[in-house]
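Novice: Take a look at the letters that make up each chain.
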Amino acid sequence: MNELPQQLADGLALGALYGLIAIGYTMVYGIVQLINFAHGEIFMVGGFGALSAYTILPDGTSLLLAIPVMLIGGAVVSVAVATAAERFAYRPLRGAPRLAPLITAIGLSIVLQQLVWGFYPGAKSPVSFPEFTGDSFQILGSLHISRADAFVLAAAPLCMLALGVFVSKSRSGRAMQATAQDPDTAKLMGINTDRIIVMAFAIGAAFAAVAAVAEGLDKGQIRFEMGFLLGLKAFTAAVLGGIGNIYGAMIGGVLLGLAETLSIAYVEHIPGMAQFGGGAWKDIWVFSLLILVLLFRPQGLIGQRVADRA
Amino acid sequence: MRHRSLLILTTVITTGALTLTACGSRDDKSGSDDSKKGTTVVIGVDAPLTGSLSALGQGIKNSVDLAVQTANKNNEVPGVTFKIEALDDQAVPATGKANATKLVGMKDVLGVVGPLNSGVAQSMQGDFDKANLTQVSPANTNPSLSQGDKWGSGDKKRGFKTYFRTSTTDVVQGKFAANYLYNDAKKKKVFVVNDKQTYGAGLAAIFSEEFKRLGGTVVGTDSVTVKETDFSSTANKIKSSGADSVYFGGQYPEGGLLSDQIKKAGAKIPTMGGDGIYDPQFIKASGEANDGDLATSVGFPVEKLPTAKKFIADYKAAGYKDPYAAYGGYSYDAAWSIIQAVKAVVADNGGKLPDDARAKVTTAMSKVSFDGVTGKVSFDEFGDTTNKQLTVYQVKNGAWVDVKSATFED
Chain Y
1 MNELPQQLAD
11 GLALGALYGL
21 IAIGYTMVYG
31 IVQLINFAHG
41 EIFMVGGFGA
51 LSAYTILPDG
61 TSLLLAIPVM
71 LIGGAVVSVA
81 VATAAERFAY
91 RPLRGAPRLA
101 PLITAIGLSI
111 VLQQLVWGFY
121 PGAKSPVSFP
131 EFTGDSFQIL
141 GSLHISRADA
151 FVLAAAPLCM
161 LALGVFVSKS
171 RSGRAMQATA
181 QDPDTAKLMG
191 INTDRIIVMA
201 FAIGAAFAAV
211 AAVAEGLDKG
221 QIRFEMGFLL
231 GLKAFTAAVL
241 GGIGNIYGAM
251 IGGVLLGLAE
261 TLSIAYVEHI
271 PGMAQFGGGA
281 WKDIWVFSLL
291 ILVLLFRPQG
301 LIGQRVADRA
Chain W
1 MRHRSLLILT
11 TVITTGALTL
21 TACGSRDDKS
31 GSDDSKKGTT
41 VVIGVDAPLT
51 GSLSALGQGI
61 KNSVDLAVQT
71 ANKNNEVPGV
81 TFKIEALDDQ
91 AVPATGKANA
101 TKLVGMKDVL
111 GVVGPLNSGV
121 AQSMQGDFDK
131 ANLTQVSPAN
141 TNPSLSQGDK
151 WGSGDKKRGF
161 KTYFRTSTTD
171 VVQGKFAANY
181 LYNDAKKKKV
191 FVVNDKQTYG
201 AGLAAIFSEE
211 FKRLGGTVVG
221 TDSVTVKETD
231 FSSTANKIKS
241 SGADSVYFGG
251 QYPEGGLLSD
261 QIKKAGAKIP
271 TMGGDGIYDP
281 QFIKASGEAN
291 DGDLATSVGF
301 PVEKLPTAKK
311 FIADYKAAGY
321 KDPYAAYGGY
331 SYDAAWSIIQ
341 AVKAVVADNG
351 GKLPDDARAK
361 VTTAMSKVSF
371 DGVTGKVSFD
381 EFGDTTNKQL
391 TVYQVKNGAW
401 VDVKSATFED
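Taken in sequence, the protein lines are chains Y and W. Take 1 as the starting number for the first sequence in UniProt numbering and just add one per residue. Take 1 as the starting number for the second sequence in UniProt numbering and just add one per residue.
Keep in mind the hints are simulated off the structure, nothing from the lab. From the three backbone atoms N, C-alpha and C, an ideal C-beta is built for every residue, glycine too. One should not assume that every hint holds.
[To be verified] Once the Cα atoms are required to be at most 30 Å apart in a straight line, the calculated DSBU-like pairs of lysine-lysine come out as:
#1 W/Lys212 / Y/Lys124
#2 W/Lys404 / W/Lys304
#3 W/Lys83 / Y/Lys124
#4 W/Lys186 / W/Lys97
#5 W/Lys186 / Y/Lys124
#6 W/Lys83 / W/Lys161
#7 W/Lys161 / W/Lys376
#8 W/Lys321 / W/Lys97
#9 Y/Lys124 / W/Lys284
#10 W/Lys404 / W/Lys73
#11 W/Lys130 / W/Lys102
#12 W/Lys188 / Y/Lys124
#13 W/Lys130 / Y/Lys124
#14 W/Lys321 / Y/Lys124
#15 W/Lys309 / W/Lys404
#16 W/Lys316 / W/Lys304
#17 W/Lys343 / W/Lys188
#18 W/Lys268 / W/Lys284
#19 W/Lys161 / W/Lys343
#20 W/Lys396 / W/Lys156
#21 W/Lys376 / W/Lys309
#22 W/Lys284 / W/Lys304
#23 W/Lys130 / W/Lys212
#24 W/Lys97 / Y/Lys124
#25 W/Lys304 / W/Lys376
#26 W/Lys196 / Y/Lys124
#27 W/Lys161 / W/Lys188
[Stated by the list, open to error] A short, non-exhaustive set of chain W residues, derived as facing chain Y with CB atoms under 7 Å:
#28 Asn72
#29 Asn74
#30 Lys196
#31 Asp222
#32 Ser223
#33 Thr229
#34 Asp230
#35 Thr234
#36 Lys237
#37 Ser241
#38 Gly266
#39 Pro323
The shape of chain Y in the complex, shown without the other chains:
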């Protein structure tokens, strides 16, 4: 049986998830050149927000009705946390040396993780998340796409489309582009850059919340520590695609997801490479790919050169 279509579909779904989280890293970096390491935790908090919204709903609510509520609940919580973080943790440090906000971000990520661990009921171990019932969709015989994968495969392009239109067409979006190009001049032109920065954090957080709902629906559980590894992978995706570029983040994410699944499935079939295949070597191949890309295109796959900016 040919399993390639299946592996591609799964890689795409995983990649779309990475991409959704990577948007948060890339937007913030594009505008304030800050690597927001707390973003993985913003993602995690979004998951718990969505779960809380779900528990408020009456029992027996259909999941299709519940998903919009969960998305809103997750987005509200993660946007609130992200904007609060921006206001109270990052803004006071805006003129400070680069290392200061970076360390703050790491500290913030630990704080958020421990807060959820300590105060969310039952969060000390994995918490159950509602799942789709019913079988996965069968396409062309052997290819099956689970409902949760279908959700993320639909949500990611929709979100990207909305973001693309917003950035290129709307007034705020253009203000955002201007701020990214040159914050000082943008300010002189009458753009409220503080508002734009908050907006970048908020959009990233909302995307992270969508990703968190997708992750919860797919795995049937969320954990207080899930933001760390996924955040790191998404950050890698953002760098791979070119940090600062929103399309780069999504492309980087998809590429990373595909590279992971395909290296698990196929490296071991290359003659002489049997011992380098499987899940054990996945990260080695993925990061070799990252190093190769950065060697030949230091700005990432479709990133812009950023060196001349600062």
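Chain Y is fixed; fit chain W onto it per the hints.
Specialist: Same frame as chain Y, now just chain W:
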């Protein structure tokens, strides 16, 4: 370009920082209530008290606490009051090592119960051995911990005189599982997955070898990474390999997800694992039905042992927040063996603790023998338990049910 290197540098730093900051943060206080008459002996506990394995860790801590309280109440060792000092290792070897150093530094600690993970144990053994401090693990199953790295070729050598355990090893467990899957469940083609950790990889290797020896086929192998959640690619490989069963060497967080994703991929085959997946969380934390999945675990079900009735009743009466979980009985027995060793040492020394109490306790451990919660507790020449009881559990209607208990004979 400087930004680029900053990016890479920060990735590395964050990874390191986040690992390190996970270390415990308890204050150092031990043996401070000398105001009370008599001697205080501290039994250290090292287990993952937080994180995804905390369900097991809390059970270990509470069970040791129960043993200590029982000893104090019965005045088990006259003139000696026992206390526990529980440290959190978060299932991270480096944290376990830091905890070991800490416990060695506290002079009242005469024995340590823990850790849960074989990989963590590896990082602690050396420190305890140098300090002559007895360590009894209720859960480690990797054979090399007690029998040296070359145990497989028959060249067994005890590396650390201070290391003991109340749980059986993976040699016994892996073979027992292979026997059950091949002879009782009648599965002939297995796909083996491990989590690359000391425990998981070791168990998977022993299982594979025995399964092949019995006549079965291992149709494929793969590894997953701890703390990751997406194993769909591995699941697809399993499906297209045509396996009729899966053996997973690892812990329940990954095991539960793997089993779910295999079933979601469309392969309706059972996943079997060791004591690492034998936990309610394996079933609970994810929605997909795990019915039919199998796990072996050390010992007979605690609920079914006549010797364990008192333990279960006492545990309930003590009102602990978390259940005793898979290793409660073994943790109680581990703590009790240390208490018995202390008792022997104190009796030998005219009712007082000798100056070299740690060394004496270590020597006394090898002579310990009593009827514990899990049956007869004593240790062989490697520090391994002489108790080789095992049980196969199966998920039925969302709960683990024991399907076969036996004493393993090689």
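Novice: Are the hints correct? Go through all of them and say.
Specialist: Each hint, compared with the structure:
1. With a C-alpha separation of about 40 Å, the suggested pair W/Lys212 and Y/Lys124 falls outside the 30 Å cut-off, and the hint is violated.
2. Straight-line distance between C-alpha atoms of W/Lys404 and W/Lys304 comes to about 12 Å, which keeps the hinted pair within the 30 Å bound.
3. A hinted pair counts as satisfied when its Cα atoms are at most 30 Å apart, and W/Lys83 with Y/Lys124 qualifies at roughly 26 Å.
4. A distance of roughly 43 Å separates the Cα atoms of W/Lys186 and W/Lys97; the hinted pair therefore is violated under the 30 Å criterion.
5. Using a Cα cut-off of 30 Å, the hinted pair W/Lys186 and Y/Lys124 is violated, with the two alpha carbons roughly 39 Å apart.
6. For the proposed pair W/Lys83 and W/Lys161, the alpha carbon gap of about 24 Å is at most 30 Å, so the pair holds.
7. Of the supplied pair hints, the one linking W/Lys161 and W/Lys376 holds, its CA atoms being roughly 21 Å apart against a limit of 30 Å.
8. Distance check on the hinted pair: W/Lys321 and W/Lys97 sit about 28 Å apart at the alpha-carbon level, within 30 Å; holds.
9. Of the supplied pair hints, the one linking Y/Lys124 and W/Lys284 holds, its CA atoms being roughly 14 Å apart against a limit of 30 Å.
10. The hinted pair formed by W/Lys404 and W/Lys73 fails the criterion: a straight-line CA distance of about 37 Å is larger than 30 Å.
11. For the proposed pair W/Lys130 and W/Lys102, the alpha carbon gap of about 14 Å is at most 30 Å, so the pair holds.
12. Using a Cα cut-off of 30 Å, the hinted pair W/Lys188 and Y/Lys124 is violated, with the two alpha carbons roughly 39 Å apart.
13. Taking the CA atoms of W/Lys130 and Y/Lys124, the gap is near 35 Å; set against the 30 Å cutoff, the hint is violated.
14. Taking the CA atoms of W/Lys321 and Y/Lys124, the gap is near 13 Å; set against the 30 Å cutoff, the hint holds.
15. Between W/Lys309 and W/Lys404 the CA atoms are separated by roughly 20 Å; this keeps the pair inside 30 Å, and the hint holds.
16. With a C-alpha separation of about 16 Å, the suggested pair W/Lys316 and W/Lys304 falls inside the 30 Å cut-off, and the hint holds.
17. This hinted pair does not check out: W/Lys343 and W/Lys188 have alpha carbons roughly 51 Å apart, beyond 30 Å.
18. Under the criterion of a C-alpha separation no larger than 30 Å, the hint pairing W/Lys268 with W/Lys284 is consistent with the structure, at around 19 Å.
19. Proximity of W/Lys161 to W/Lys343 is assessed by CA-CA distance (about 20 Å); at most 30 Å being required, the pair is judged to hold.
20. As the CA atoms of W/Lys396 and W/Lys156 are separated by approximately 39 Å, the hinted pair breaks the 30 Å bound.
21. Distance hint between W/Lys376 and W/Lys309 is fulfilled; the C-alpha atoms sit about 15 Å from each other, no more than 30 Å.
22. Taking the CA atoms of W/Lys284 and W/Lys304, the gap is near 23 Å; set against the 30 Å cutoff, the hint holds.
23. Distance check on the hinted pair: W/Lys130 and W/Lys212 sit about 40 Å apart at the alpha-carbon level, beyond 30 Å; violated.
24. Under the criterion of a C-alpha separation no larger than 30 Å, the hint pairing W/Lys97 with Y/Lys124 is consistent with the structure, at around 23 Å.
25. The straight-line distance between the Cα atoms of W/Lys304 and W/Lys376 is roughly 15 Å, inside the 30 Å bound, and the hint therefore holds.
26. Restraint check: the Cα-Cα separation between W/Lys196 and Y/Lys124 comes to about 24 Å, which is no more than 30 Å; the hinted pair holds.
27. With a CA separation close to 41 Å, the supplied pair W/Lys161 and W/Lys188 exceeds the 30 Å bound.
28. The interface hint given for W/Asn72 is broken, as the beta carbon of that residue sits about 28 Å from the closest beta carbon of chain Y, more than 7 Å.
29. Restraint check, W/Asn74 versus chain Y: the minimum CB separation of about 33 Å is more than 7 Å; hint violated.
30. Evaluation of the W/Lys196 hint against chain Y yields a held restraint, the C-beta minimum of about 6 Å falling below 7 Å.
31. Annotation: interface hint on W/Asp222 holds; nearest CB of chain Y at approximately 4 Å, less than 7 Å.
32. Residue-level restraint check for W/Ser223 holds (minimum Cβ-Cβ distance to chain Y is 4 Å; threshold 7 Å).
33. With a cut of 7 Å, the hint placing W/Thr229 at the interface with chain Y holds, because the nearest CB-to-CB distance is about 5 Å.
34. A distance limit of 7 Å between C-beta atoms decides the matter here; for W/Asp230 the minimum to chain Y is near 5 Å, and the interface restraint holds.
35. The criterion of a C-beta within 7 Å of any C-beta in chain Y is met by W/Thr234, whose closest approach is roughly 6 Å, and the hint holds.
36. With a cut of 7 Å, the hint placing W/Lys237 at the interface with chain Y holds, because the nearest CB-to-CB distance is about 6 Å.
37. The beta carbon of W/Ser241 comes no nearer than 10 Å to any beta carbon in chain Y, farther than 7 Å, and the hint placing it at the interface is violated.
38. A cut of 7 Å between beta carbons decides the hint on W/Gly266: the least distance to chain Y is about 6 Å, and the hint holds.
39. Proximity of W/Pro323 to chain Y is violated relative to the hint, the smallest CB-CB distance being about 12 Å (cut-off 7 Å).
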